[in-house]
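Read off the chains here:
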Amino acid sequence: MVESNTWLEFFASLILIAPLASAMVIGLGILSGHLQDESSERITGRLSTTAVLVSLLSVVGLLIFSLIKPGQLPASLTLLEWFSSGRVSINIAVSLDYLALGIGSLFALLLFVTQRFSVNYLHREKGYFRFFMALNMFTAAMLLIVLSGNAITAFLGWELAGLSSYLLIAYAYDRPTATENATRVFVTNRIGDAGFILALILGFYWASGSDWNSMNSELIALDASQRFFVLSGFILAALVKSALFPFCSWITRALEGPTPSSAIFYGSLMIHAGIFLLLRISPVIDTSTAMQIILITLGVMTIGYGWIGGLVQTDLKTALIFSALTQTGLMLTCIGLGWYTLATIHLAAHASWRAYQMLSAPAYLTLINRKARPIPQWMQKQPKLFNAALHRMWLDNIIDWIAVNPTTMFAQDLNHFDERIVNRMVGLPGQIDSISSLTDYEERKRGLVNPEVSLIAGRGVMGALMEKIANGLYWFEESLVLKGSGDGLVNLLHKVGAYLIRIDYLFSRPRYLWLIILLTLLVVF
Amino acid sequence: MNTPKSDSKKLTIREELLETIEHLEHILPGQAPIRDFVHHNTLHGFQHLDFTDAIAEAYRITGAKGFLPQEKYREYFQGGRINDSDIDNVLDEDESLSSAEVIADIDGRKLTKKEVYRCGLLNDFDSLSRSQLHWLIEEKNVLSRFQQDTDKQQRELLMQAANKTGLTTEAEVIENLWSSCLQKLNLEHFIIHPEDMTDLSANSAESMINNLAQAEQGDDSYQVLMHHLVRKKGERLLSQQLDGIGPEHTLGEFLKSITGEDILNDLRPVIIRHVGLFLDGGMASWSYIDRDKGFYNTWRHIAKHDLTSVFEDLRDWHDTIDGLSDDPLETMIFELRRTGVPQEKWAQYIERIALELPGWAGMFLWHANNSDQPNISMVDYLAVCLVLERLFAQRLCGRVWQLEASQDMFRWYFRKHRSEYLVRYALFNTQLPEYLITRANKLVQRQYSNTNVYDDWVDLADMTWTWQHSPAADKPTGYSVQGSAWSLFRLSQQLSLPGAFISALETSQQEEIFACLELAQGEYGNYLWLQAYERNYREKIFNAIRQNEGRGRWRTRHDEGGARASAQITFCMDDREEGIRRHLEEIDPSIETLGAAGFFGVAVNWRGLDDNSDTPLCPIVVTPVHAVYEYAKQEQKTVEQTHAQRRKSRLWIKDLLHLESRRNVLSTGLLIALSAPFALLTLVAKTLFPGRFGTWVQNNRDCIDLSVGTTVQINAQSDEPATIKNPRYGFTDEEQADRVENFLRTIGLVSGYAPFVIMMGHGSSSQNNPHMAAYDCGACSGRHGGPNARIFAAMANRPEIRKLLKQRGLDIPGDTVFLGAEHNTCDEVIEWYDIGQLNNEQSQNWQAINTKLDQACRLSAHERSRRFMSASTNMNNDAALAHVIGRSYDFSQARPELGHATNATAFIGRRSLSQGAFFDRRAFLISYDPSIDPEGKIIEAILLAAGPVGAGINLEYYFSTVNNEDYGCGTKVMHNLTGLFGVMEGASSDLRTGLPVQMIEIHEAMRLLVIVEAKTEILGEIYQRQPMIQELVGNRWIQLGAIDPENGDISFFVAGKGFIPWQGSQQELAKVTRSVDHYRGQRDHLPPALIETEQSMEASHG
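Chains as they are written, first to last, in my numbering: chain A, 1 to 525; chain B, 1 to 1102.
Same shape as in the complex, but just chain A:
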């Protein structure tokens, strides 16, 4: 038994280590300049494909073993204890149940096929090596999500998948649209990650179980509101990752990368990651009717979005993605209804078919012999619905409002805070000797005060406070210590007035309102 367990551990680790190692080798090759021209394509392609093949064979081997000898495999296998403290312990563990092994085998197969496809398809591309590095990373990430024994390692996979997706959307980094979209997608995905982290933290706080099964049962044991919060976190993560309503809009921005990466990320594999997560925590969902109703509603909304939006799409990749959304919407609805097996089967079928369809997308002209079947006449003539379809229900704008804009502006504010307050407090050296303009020079020669140093303009309550202190010190230093005279007082009053205006302005912005509401909520619970 011990003997066989060692073998098991070996194979199970191989599934993840092979692609990770290959990604690392390619990455080092790129960095060291060894992989850069056509002559190293062959070795890169081989290395990468072999790594995925090793994963594929290992996971299929485990699946076959578990089918031949049912009950012999443990449901989950700890490979490594990562961290242990008191009642909390975090392990690197893999699940070996049918769900994990079945979906894992299918995904590994699709990943392998895509690797093979890409070897020819990306021949002579500038980004050949980058592409394969990211693809290997994604292979490890996807298999980690599926096979992970607990939420923590799943989250690692989750993040790794997001990172590799970012790298591949920005594959053509010389095109501004591609990089901008990559960043947008990345930022939007942070919302889901926040949900995941929230769920993890609360989960740890309220329940200590580390693998899926024990975590699920401990969560079920919690009281309803606590359970609701943990679930919300996971569901938020799932909604964003699988581009379910209301987070559908990012996925069409993600189609900037090469065809094979679009195929597996957004058509076939990553789009199912969220659904898979929900399947993992399905026993908990089962216990919350409110959540089920929410899931059904969101599922139906996703279907509506995908279907109506899909009717007006004229570019193939987007059209296929919209269709994929209707199907993930269906899966979500199934989960809401408690039909987990159906959702699982649908997931597997959809992943296979969509991979095929996306990979043969360039051949579409020769694959079809007629035009798409038109929609009913009554619907055809509805300008309002038509607009909604054409502009994808304006979800992109709405998400901008809710999430992206506040995030970027908040980041800006932090930046201001950093450079105006923190930098000053830490005391970065200024250029004492240098002057900025001839006017400046002249004024200095005449012995006038330096015109207003524009370093001082912070935001937020704390910001203003810090500023005042900083400013006071500055003024003290400037007027009393250096010059020994006090003609800065009027200026000081001026500035105070200006700050008050600014603080007032800041509070009129929604992002701080949001922040305050959020903080209040967190404190209350």
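Derived by calculation from the structure, the hints in this document are not laboratory data.
Please note: incorrect hints may appear among the correct ones.
Heads up, incomplete: computed chain A residues facing chain B, CB under 7 Å, no partners named [stated by the list, open to error]:
{"hint": "1", "residue": "LEU53"}
{"hint": "2", "residue": "TYR121"}
{"hint": "3", "residue": "LEU316"}
A virtual CB, placed ideally from N, CA and C, is assigned to each residue, including glycine.
Dock chain B against chain A, hints included.
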């Protein structure tokens, strides 16, 4: 009521606008929907101009460059692809350069213009940045050592020359040279400490102020003086930029230059979604509402309900939409007025608007001009773009300045806020040091009001100005240390000119040196490089033709001992067929091959047995007036029914899978669940064994579909005249005889007919390839040419036609049979038509020929494989064939075949000209016999037909190669099929036109070298007569050479001079017994070689 006067005035505005819109055809890409991709000159709209002028004009309008960058040519020079004599020759022959002129003669050193040109071409004289120069000085000691790229010989010469003035060491010589250069150009050079580059020190401020005060005397307050200068600069820059709205940029681009925000980012998706759906060829289920009413009016109707205005904060959306006129032209005028573009710049402004999304605008225009759908008009597109552009510009202006988006408002506002303008412009368009960027960004992002705000702009403008005038900044104009002085310094070393020489230069001489250098480094230098590049290849081709003189077979059909050819096979003129023809002739010298445009003179609307509609099979410029259909043979009627039924069901299932699997919800789910296992299996099989799986599927499909014996219906039922409006089924006997006669005379096949005369059309099959049509037969509008070959053979075999032909002097023996076939250039399979008509003996003979063709196909596959990195260079013929078959079935293959890549030359003449030599599949081969064409009628027709086809293919490859970003469509890897008519990159880019990188990566971008076997007098007369030839040849879009049919003299056409005899040096060529000996193990382009098969040795000795 309008007075007649105002009415007529208004009419002219409208007319002018319409004229402008019509003119757009010249500047927008003219590519048809991708299914009908046909090669054409990318700059066809500029073809009336000289080649270089056209490129310059296109650059001016679209900003796209039309030559390879010079570094690329320098690489070719290093690699030996261009040599010294090519450059010398080009410099000598271009009279406008006056290369021989001596610029300066000092101390016995004569400096000619040619030396400077040459040096300018071969070396990079780009100016450095100040910090780069300092780095070179500090780290590389460039001021005391020779430049690394200076030859040993030049170094010695320079040292010798400098010795005369008493300088001995290297350091002395170089230092002296540097100081001479600086002195000559009146420059001072002092090294600035790196820290001073980020800001100004008090010392340098002091010296700047002194300089300024000297320059502008009379005012001793620096502050006043500087403000004056800053304001003056702001004024000048502002009016320059505002005047540029129209000729140089749109309102949106102007705003981008001062806010850093591109309204196109928000605008683009809106336009693309509307236009995409409006033009959609069947991708979407929901077609544009009321498409028949025209784009503008429908859009207006839809936009009323658009909530984008709410979400995008477009406040006057509804007012604008409601107030729009019914007439799009009126709207254009209104919008143009409202944005304040002066009327004389409207035409340019409209061009700019159309060029914001050239691909989409071009596709719209193509539909407006060519589609049979009603009510598509370019005015609609432009009106909508103008309205949207203004609305989005309005939003941006409103947010930043609370201003109306119009030129007048900008003028008014920025006159009062010049400092703000200067700072904004400097931030977004020039290089600033970090300390300025940070401050400028803060000001630009500041949204809340503050009493002192404007002073900040003023301060920052002063700072920026000061920095820009401080020694730390790089100045783009005038003589500068790191620009002109550095160039002169480098040039002197390259040309071994000592410091004394430089010091002795007069101002005019010094200016002349810079002028020559600038010319060589500029666009004209690129053209000189191109000519050198072309000359190198041309010399090799001319040399090969000279060496091959008298060796090639089939100069005449009679004096070869009366032996009759065993078969005459006419291939398409396509460069890809050169290989298979050569191999076939090597295998069996008794086979004669010919070449002609692959529609064989038969322009038809074709409908095959399985087709639902007619397809025109002829060059794109011809509209067929005849239709030919394929029918099942009488005895096959029942088979046909089964076939049709089965095929229909098969396609029904296929459509169901591919269309319905992305349209519905529940049924789609079900469909996916059912088909997923098969999809998975297919996916695995296709990726692991593409070739075997593909053939297996193909065989099964043929089995299920059943093959049906068919005939083509070529005979007309009546002899009513056929017209475009009223096409006729079939041809009358007379028409058939005309076509056969014309074609045979064109290719010179008027006697000595072989037992088999075979017409070999061609096509290409591949998977996963939106650009499929670009690989097919260009003479058949991007379709397969097999049906034309079949129709031609059917005509020529009819006894009635033979009789008519005999009357016309074409005596075709009774035992000669015509056959049609099609060669697949991708998987090298030949499909034969109507073989059943052969009798037993013929059938056996045909078998023998077919076997040889089969061998030739394998060899052709073998030769092609040397270009594929995934094929090993030492594979055998069978493996090569398997490789190309695998490729054609491989859906992961972005390069199923390489198309016309490497095409470079065209021979029009007898096969004897080129037969027996290896031309690396780079030559279009067109058969023409000058001996039966004393007046040049036939060659005139050939030039008119083949000239534009060849030039079109070649120039499309040229432009897609030299500038794939602008003229090509980038890499296939990112392509996304759109509307069934084009490809985008990603999901919301412009439509990409031209060729993908995968098609051009091994192409050598040169203009087509057309070599005609004809008397130069005859060609001269044709040139005088035919404006189209004048355009192509006179404007230098192609190169023209001539070979005298009698004495074999070669001459080359030079525009403005006529034919100049070729006197190039003759070089021995490699001699091999088979092509394979020449190319084995080679991946790159190969020079011509002579092939000495045993037979040809005999022929040349006998």
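Hint by hint, here is what the structure shows:
no.: 1; hint: LEU53; in the structure: violated (11 Å)
no.: 2; hint: TYR121; in the structure: holds (5 Å)
no.: 3; hint: LEU316; in the structure: holds (4 Å)
Checked against the numbered hints above, the structure violates only hint 1.
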